[in-house]
Amino acid sequence: MSAGRTVLVTGVSRDLGRTFARTLATDPGVDRVIGVDVIPPRGDLGDVTFVRADIRNPVIAKVIAKEDVDTVVHMSVIATPGSAGARGTMKELNVIGTMQLLAACQKSDQVRQLIVKSSTTAYGASNRDPAMFTEEMEPRRPPRTGYAKDVSEVERYVRGFARRRPDVDVTLLRCANVIGARVVSPVTSYFRLPVVPTVLGYDPRLQFLHESDLNRALRHAVVAGRPGTFNIAGDGLLVLSQALRRMGRASVPLPAFAFGGLGSALKSARRADLSPELVSFLTYGRGVDTTRMRTEFGFEPHYSTAGAFEEFAATLPPAARRSERALAALADRLPPVDDDRPAQLTVAPASLAVAPVPEV
Amino acid sequence: MADAEIIPIGTRGQPGRATGTRPSSAARGLAPGAAKKPTRKGADAAAPTESATAAGKPADTRKPADTRKPAAQRSAAPKAAAKPAAEPAPAAPRDDDPVIRTASLLDPPAASALPEQARPAARTEERGAGPLAGIPIGDWLAAFQHAARELFGDQWEPQLARFLAFLRRRVTGDYAVDEYGFDAEITEQFFMAALRPIAQKWFRIEVRGVENIPTTGGALVVSNHSGTIPVDGLMTMVSIHDQTGRFLRPLGADLVFRMPVVGTVARKGGATLACSEDAERMLRGGELVGVWPEGFKGIGKPFSDRYKLQRFGRGGFVSAALRTGVPIVPLSVVGAEEIYPLVGNIPSLARLLGVPYIPITPFFPLLGPLGLVPLPSKWLLEFGEPIRTDEYDAGAAEDPMLVFNVTDQVRETIQQTLYSLLMQRQSVFR
Chain A
1 MSAGRTVLVT GVSRDLGRTF ARTLATDPGV DRVIGVDVIP PRGDLGDVTF
51 VRADIRNPVI AKVIAKEDVD TVVHMSVIAT PGSAGARGTM KELNVIGTMQ
101 LLAACQKSDQ VRQLIVKSST TAYGASNRDP AMFTEEMEPR RPPRTGYAKD
151 VSEVERYVRG FARRRPDVDV TLLRCANVIG ARVVSPVTSY FRLPVVPTVL
201 GYDPRLQFLH ESDLNRALRH AVVAGRPGTF NIAGDGLLVL SQALRRMGRA
251 SVPLPAFAFG GLGSALKSAR RADLSPELVS FLTYGRGVDT TRMRTEFGFE
301 PHYSTAGAFE EFAATLPPAA RRSERALAAL ADRLPPVDDD RPAQLTVAPA
351 SLAVAPVPEV
Chain B
361 MADAEIIPIG TRGQPGRATG TRPSSAARGL APGAAKKPTR KGADAAAPTE
411 SATAAGKPAD TRKPADTRKP AAQRSAAPKA AAKPAAEPAP AAPRDDDPVI
461 RTASLLDPPA ASALPEQARP AARTEERGAG PLAGIPIGDW LAAFQHAARE
511 LFGDQWEPQL ARFLAFLRRR VTGDYAVDEY GFDAEITEQF FMAALRPIAQ
561 KWFRIEVRGV ENIPTTGGAL VVSNHSGTIP VDGLMTMVSI HDQTGRFLRP
611 LGADLVFRMP VVGTVARKGG ATLACSEDAE RMLRGGELVG VWPEGFKGIG
661 KPFSDRYKLQ RFGRGGFVSA ALRTGVPIVP LSVVGAEEIY PLVGNIPSLA
711 RLLGVPYIPI TPFFPLLGPL GLVPLPSKWL LEFGEPIRTD EYDAGAAEDP
761 MLVFNVTDQV RETIQQTLYS LLMQRQSVFR
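These protein sequence lines are chains A and B, in that order. With this note's numbering applied, the first sequence corresponds to residues 1 to 360, in that order. With this note's numbering applied, the second sequence corresponds to residues 361 to 790, in that order.
Isolated chain B, as found in the complex (with noise of 0.2 Å):
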């Protein structure tokens, strides 16, 4: 498009470039009121016609079949170059007001083609202090308390009240961490409260089965991994502490532990470590854990191979819940493989920094953080009927034939799941 092109932004002339006697014209632009070429322009500008076949040529180049196109351009192009003309009149400069003093760039030309170019630079104290001097201390309190009420409702006072001792509790270190590091207080209020959006209002998430998670004690819940980075965790906690209350506790693995921030917020949001101890001990606990067995085989896994199972670890969520006699809670999630379609991997440098995978999907390395975004699929979160297993006997955990028996049936359970879930899609942002 011809508007991009002459956008009047940065140096006029060639950018950066001294001749040797003369300055750059970006510095000849910096220096007070020194300009000479805005003062041309501004005479120039009287004669608007001319200013807008310039700016109307390079559309008629290129397109010179079309011809309404160029002719609205050119309509819009006077309106463009008269403006500078207009304007000097009502921003002309007046002694008592800072604020205009500091723009050079951006004073228009009339502005600075008059005779007080001698005028000192403006200081950030004339500025900063000059609007909020006279304000009244009664405005500020009035418009604290109209901000109060806007933020809080009408019962801002106690409102205010709780969310300081909120704070208060946060700053003095007044609050209880769990033994894995959990800290209920701030999951609460803030870790879930930054996710609850995400979770309702970008991928819609529909809950089904609620009914399947035990209200109290602990149980195990075990689902499919997707989606490149472990957003389906998050999600998954959110939906469960939003419908039953409850926290869940994921178990991660040692890699999660190892970053820095990654690891910190991982424990503070209640999760451990994947092995089978901490299992055991939260299961005896009474939480209510999650599990994801595919691990990083679920998540780094290739689009084309979405919604395919992968191997469920060696069944160690199995032995843990066999072991303790909680029941197994199959979950399905669908619509989390396709947040970030991954088409690609660089295997080399993912073994350099020592992690299982590089991402490559087709937003990002390309559109740099952008890429980062999910799209925004919807998902469906199903909970299947619990699988007891405090109906085997005492040693069943010291059973392989045992243990890879449950193994699969949770996962036949949660692919049969996942292909019901996928038939009654109607399409995959739908």
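For reference, chain A alone in the conformation it holds in the complex (with noise of 0.2 Å):
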């Protein structure tokens, strides 16, 4: 692409938005990297110039205006309210900052590309779901609250926009849950819990994305410039059961009906936040089809999503795994298991297990 662009960030104050700019502008093809949000960023912004403003007022439009913006990357569609206070905050936040600044955008005449971060929530979590979302499916059942709601409603938003403005590259990155040392989300908020609660019964697939994945997708998407809407998140699945008992934490299974009150108790002690949206995550799971980011978008995840989730549990107190080790310790005692063969759980009878080959 040509140098001398100037890229507009939303969303800098918080962490991943922030590491986003600050290595985008380092980047060799990009003159000027502007980030936006309501409070000012508590971590070194870089080469970034940082302009305090509102998304939900028409100041956006100034500000794009006034610095020549050629491309805008939205970042600022948050999961949680956070530090933003309730839910309703939130809500202006996502949708109607996403409003405002799309009107900002298709006012100006400078604006070639906007980037989206979306979410896999989108494509909801039911039992009627496919096991694997493609870019052209639609949830199951349309979102009715919360974080869902504000994503589906932003991504028609960012639709309505690429159709008024065919000049524009749209690129709409819809991310799995993403997972990293530094990351604050209701999902790694729900794994640094002491003892993981899960719904009784239901073990969901999960897939995740690596927080320095999302950065350098994020990256290509400026970069490279491919309009359409692609699946980012990385290689296989993880069922949870399996992640927890990677990460080697302690969880209690809870009955469906039991796992909302505990998710509000939890929100009240501002230790975790099962929003509805969590709640069917963690019940049904969903997984994702990458091909298109593959083939169309060009970009490859360097962590799977095994990966991924190992790289964090890295990061959290290590459990105490007893029975893994006493496992260990048993299996020290014994010859090593020279081929990969499983273990025979049906076991044979001696007689037929050392059957002499009879002699002809």
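Rather than coming from a laboratory, the hints here were simulated on the basis of the structure. Treat the hints with caution; some may be incorrect.
Unchecked claim - What follows is a list of derived Cβ distance ranges for each label pair:
| id | chain 1 | residue 1 | chain 2 | residue 2 | range |
| --- | --- | --- | --- | --- | --- |
| 1 | A | R42 | B | E517 | 55 to 61 Å |
| 2 | B | N705 | A | A314 | 51 to 57 Å |
| 3 | B | V788 | A | R294 | 52 to 58 Å |
| 4 | B | D534 | A | G43 | 31 to 37 Å |
| 5 | A | R294 | B | D534 | 24 to 30 Å |
| 6 | B | E517 | A | R321 | 21 to 27 Å |
| 7 | A | T315 | B | V622 | 34 to 40 Å |
| 8 | A | R141 | B | L390 | 56 to 62 Å |
| 9 | A | E138 | B | N705 | 33 to 39 Å |
| 10 | B | I497 | A | A314 | 36 to 42 Å |
| 11 | B | D499 | A | A319 | 31 to 37 Å |
| 12 | A | P317 | B | L390 | 49 to 55 Å |
| 13 | A | P317 | B | R711 | 49 to 55 Å |
Claimed, not checked - Footprint (simulated), chain A over chain B, 3 or more residues, beta carbon under 8 Å:
| id | region |
| --- | --- |
| 14 | 520 to 527 |
| 15 | 536 to 546 |
| 16 | 635 to 648 |
Here a beta-carbon is modelled for each residue, glycine too, at the ideal position from N, C-alpha and C.
Put the two chains together into one complex, using the hints given.
Here it is, written out as structure tokens:
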């Protein structure tokens, strides 16, 4: 792409946005990076020019016009109210903020490219889901509340914008749950609980995206400029029980009705936020197909789902892993397993197992 | 039978009734060595004939005409009555034996009559530590080795090591699931191992036409559905795995994935939702996919409609096969209809619970959980010749008439095979 580009990044007060803006500013193809948010970022912004502005009001249009912005990266669709306040604020920030930003982009003549970081939450999670969602699939049940509804509304506005401004390249990245040492999200705070509650009788399939891969994917979108909607996720899947075993963390299965109640208790204790969409995700799970990410978008994540989770689990305090150690101690006393053949649970009688070869 | 009426279990006297001044006989029996009645009985036992006639009486009054049977009982009854009298001598309490102390209800009558009634109640520690404390470590190891040898054969060390490696993989989560949540290891080692005896010993499944299942590449196995509970799907999975080594990937209704435990186990066993997206994805991935197009209409049909194929859905499975160009292998299952003969249904309760039907079989609500044991019918599985779909044009899946024709062809094949198998079958259970 041509040099001398000016990129506007929203949502830089949060860690993912700030890191992305900072690394983008070092990219040789990018001239200037302008970070926009309501509250100033806590960490170092590097070469990024910070503009304190609220995307919920028309000021943002002035920023875009004045700074000759040609690429807008919208990253401030937030999954948790967190510091922003209550659910009402969160919705306003997500939906009204997107509307204002898109209106400003539509008005501007310089904007050539729009990149929106969305989430696979857009697909919902239910028992009627196909195993792997591809980009053209819709959620089986339209979301009615919370973050999931915000995401679907944001995506609707983005589609509308793409229709009205066909000359602007719109890239919509539906990212799987971002996980990493510094990420604070409903999913990571769920896994950081000392004892992880699960829904009794369900073992959801999970997909993760490492924070560095999110960063790279967004940068790739800015640099390569491939319009379209793409699922972004690490390779492979983990089921929840497997993830918890890998973490070595204790879990307690709760019946589905108690799980929601626990969610509100944890929320009031500010330990985790088991929102309705997270509860359905932890009940039915979700998988997204990433074929198009490779073929059309041309992006290959460094971390697989399992790799990203392992990296994340390594940052948590180590678990006891008693049964694991006991088994290891027992295995040390036995001869090593030479082949990779799985154990025989169906045990043949001794006579059959060591039947001597008949001499001919 | 009179025998059933004199079994001396439970309270002696009116159960659970106290008179106000005296505790109930049950309570008296529980108090350490406080029973009076047993002592009397012990004395009575000296004259066994008397209690024998008392015991034999109910039988006498019921069947006065039959003289031989009461006589036989009378000869049996003295033995039973004499037993309490004979027992006290060998079961005399010894102070060094902690196990004897615990029993109060089971004590022989003479024991409770002995003067040491203020003996403290036995404790569980006493009981647990006693017999195990004396066994030296070496004996433990020897017993362990012996058990391992019994279980794993003479090659027990590597076998056990392999088993431990398996356990460690499970405990540490070091295994892979595919994108549908299929866990090949646990399916092969656990689910299949659990189902195999049922398939081989209980239903004695006979498989025909295995050569019709492609050894590689995608294929769609289409089967009739029956049996109230989809046992036929499980048995087909086991049979195909045992015969060809391939895993059958069943397509299940969304109800399966709504249910806790069931949905999880289904996904781990290789199932996924019966929707065109998943079916086509699996077939493109070269999997052997199993589909039961009759769905709940098939397994929930009344016993009188057995072996009559229901409507084959909307032919979605045929479109999936046409789009992916994989062969359709028709499978006819005989025997599954008889495992739970569905004679009734409670539609109102089913609607309330959101399930397709509430089955009533001759045994199910009547015998409780025992009614869930399937009848041991003899099963026949016949795989028919594959129906090729790769010869049609690219747009064939969009031609509804063609889809209906192929659906009917598959349905007719299965129905005809069912009839011929039924003719060959000797009886339901043989």
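These are the hints, each one checked on the structure:
Take R42(A) and E517(B): their Cβ atoms lie about 58 Å apart, and the range 55 to 61 Å holds. In this structure, N705(B) and A314(A) meet the distance hint of 51 to 57 Å, their C-beta atoms being roughly 55 Å apart. Taken as a hint, the range 52 to 58 Å holds for the pair V788(B) and R294(A), whose Cβ atoms sit roughly 55 Å apart. Against the hinted window of 31 to 37 Å, the Cβ-Cβ separation of D534(B) and G43(A) comes to about 36 Å, which satisfies the hint.
For R294(A) paired with D534(B), a C-beta distance near 27 Å keeps the hint of 24 to 30 Å intact. As the Cβ distance of E517(B) to R321(A) is approximately 25 Å, the hint placing it in 21 to 27 Å holds. Between T315(A) and V622(B) the C-beta distance comes to about 36 Å, which sits within the given range of 34 to 40 Å. For R141(A) and L390(B), the Cβ-Cβ distance of about 58 Å falls inside the hinted range of 56 to 62 Å, so the restraint holds.
Distance hint check for E138(A) and N705(B): the Cβ-Cβ separation is about 35 Å, which falls inside the suggested range of 33 to 39 Å. In this structure, I497(B) and A314(A) meet the distance hint of 36 to 42 Å, their C-beta atoms being roughly 39 Å apart. Our hint of 31 to 37 Å for D499(B) and A319(A) holds, since their Cβ atoms are close to 36 Å apart. Checked against the given bound of 49 to 55 Å, the beta carbons of P317(A) and L390(B), roughly 51 Å apart, stay inside it.
The hint said 49 to 55 Å for the Cβ distance between P317(A) and R711(B), and at roughly 50 Å that hint holds. For the region 520 to 527 of chain B, the proposed coverage by chain A is satisfied: 8 residues have a C-beta within less than 8 Å of a C-beta in that chain, meeting the threshold of three. Coverage of the region 536 to 546 of chain B by chain A holds. Counting CB-CB distances below 8 Å, 8 residues qualify, and the rule asks for three or more. Check on the region 635 to 648 of chain B: 4 of its residues sit with their Cβ under 8 Å from a Cβ of chain A, so the three-residue criterion for coverage holds.
This entry satisfies every hint, going by the numbered hints stated previously.
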